[in-house]
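> Sequence:
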Amino acid sequence: MYLDHVTANTNKTDFDRDSTEWTEIQEEMFKILKPHIDDLLGREIKEPTDEEKQRVKDAKELVTEMMKMRKINLNGNFLEGESVGQKQPERTGKTTRALLSVNKNREHFPKTPPPKDAVGKRKCLNEFMDWNIRDMDESVRSIIEEKEKSKLLVINNLFPGFKKTGGNNLYLIETAAIQLALPEKDEKQVIHILKFDKHLPVV
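Under the working numbering, the first residue of the sequence shown carries the number 155, and numbering increases by one thereafter.
Check the hints yourself; a few may be wrong.
Listed next, with one range per pair, are the computed distances between beta-carbon atoms [as the list claims (entries may be wrong)]:
1. E205 with Q180: 56 to 66 Å
2. K303 with L216: 16 to 26 Å
3. G315 with D212: 16 to 26 Å
Think about it this way: if two alpha-carbon atoms lie no more than 30 Å apart in a straight line, the pair counts; the simulated DSBU-like pairs of lysine-lysine are [claimed, not checked]:
4. K200 with K222
5. K188 with K305
6. K214 with K301
7. K222 with K303
8. K301 with K185
9. K166 with K200
10. K200 with K305
11. K185 with K207
12. K318 with K200
13. K303 with K166
14. K317 with K166
15. K207 with K303
16. K207 with K222
17. K214 with K318
18. K185 with K166
19. K303 with K318
20. K207 with K188
21. K317 with K211
22. K207 with K301
23. K305 with K211
24. K188 with K303
25. K166 with K305
26. K305 with K185
27. K200 with K317
28. K318 with K211
29. K222 with K211
30. K200 with K188
Honestly, the hints are just simulated from the structure, not real lab data. All values derive from a computational prediction rather than experimental measurement. Quick reminder that beta carbons are idealized off the backbone N, C-alpha and C, glycines included.
Could you put the whole structure together from the sequences, leaning on the hints where they help?
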């Protein structure tokens with residue numbers, strides 16, 4: 155839309171809003187913007203309820219307990235360090251016991267180079283991030299916010315899957331699992347995980 159015909163004020167900082175030309179422009183702009191205004195006004199902006207916040211807290215505690223059962227050390231920072239993938243285990247038929255004593259002060263790096271047939275990477279997960287819930291764009295299921303020395307999982311209560319399931323424990327745990335499965339910056343994208351998150355069927 156051109157405004158060349160609309161008279162500007164003396165300082166050239168605004169238009170003459172009392173002019174007939176400006177009135178005509180206003181009417182045209184209103185017609186153009188009305189559908190977008192109606193769409194924005196029709197969106198449901200909803201703050202998380204106390205019940206939803208409590209469910210997020212409960213789900214986080216449940217995941218933490220499951221990780222403890224997996225004997226993962228939860229003291230320290232989230233994803234602090236990693237080592238290159240390890241060789242696939244050989245089946246010998248013998249059972250070996252893991253070393254019970256570990257030097258917690260040592261660096262999380264392998265003492266020897268990885269084998270040529272190394273598979274994947276091993277991530278040192280020392281503390282599961284905190285969780286939060288708030289309203290975001292409806293297309294976003296969850297995000298990871300990075301702070302000074304910690305990370306925060308933020309779950310969107312306006313995401314269609316959240317509203318469909320009522321944000322139950324299974325949905326919340328699944329959301330966290332998807333975030334944990336996403337690749338690091340130096341890793342290749344895991345296409346099936348990304349598609350799963352984007353096109354997840356909700357029952």
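> Could you run down the list of hints and mark each one as holding or not?
Cross-check of the supplied hints:
| no. | hint | in the structure |
| --- | --- | --- |
| 1 | E205 with Q180: 56 to 66 Å | violated, 45 Å |
| 2 | K303 with L216: 16 to 26 Å | holds, 25 Å |
| 3 | G315 with D212: 16 to 26 Å | holds, 18 Å |
| 4 | K200 with K222 | violated, 34 Å |
| 5 | K188 with K305 | violated, 40 Å |
| 6 | K214 with K301 | holds, 19 Å |
| 7 | K222 with K303 | holds, 22 Å |
| 8 | K301 with K185 | violated, 43 Å |
| 9 | K166 with K200 | violated, 42 Å |
| 10 | K200 with K305 | holds, 24 Å |
| 11 | K185 with K207 | violated, 41 Å |
| 12 | K318 with K200 | holds, 15 Å |
| 13 | K303 with K166 | violated, 50 Å |
| 14 | K317 with K166 | violated, 50 Å |
| 15 | K207 with K303 | holds, 24 Å |
| 16 | K207 with K222 | holds, 23 Å |
| 17 | K214 with K318 | holds, 20 Å |
| 18 | K185 with K166 | holds, 27 Å |
| 19 | K303 with K318 | violated, 34 Å |
| 20 | K207 with K188 | violated, 35 Å |
| 21 | K317 with K211 | holds, 18 Å |
| 22 | K207 with K301 | holds, 21 Å |
| 23 | K305 with K211 | holds, 16 Å |
| 24 | K188 with K303 | violated, 45 Å |
| 25 | K166 with K305 | violated, 49 Å |
| 26 | K305 with K185 | violated, 44 Å |
| 27 | K200 with K317 | holds, 11 Å |
| 28 | K318 with K211 | holds, 19 Å |
| 29 | K222 with K211 | holds, 17 Å |
| 30 | K200 with K188 | holds, 23 Å |
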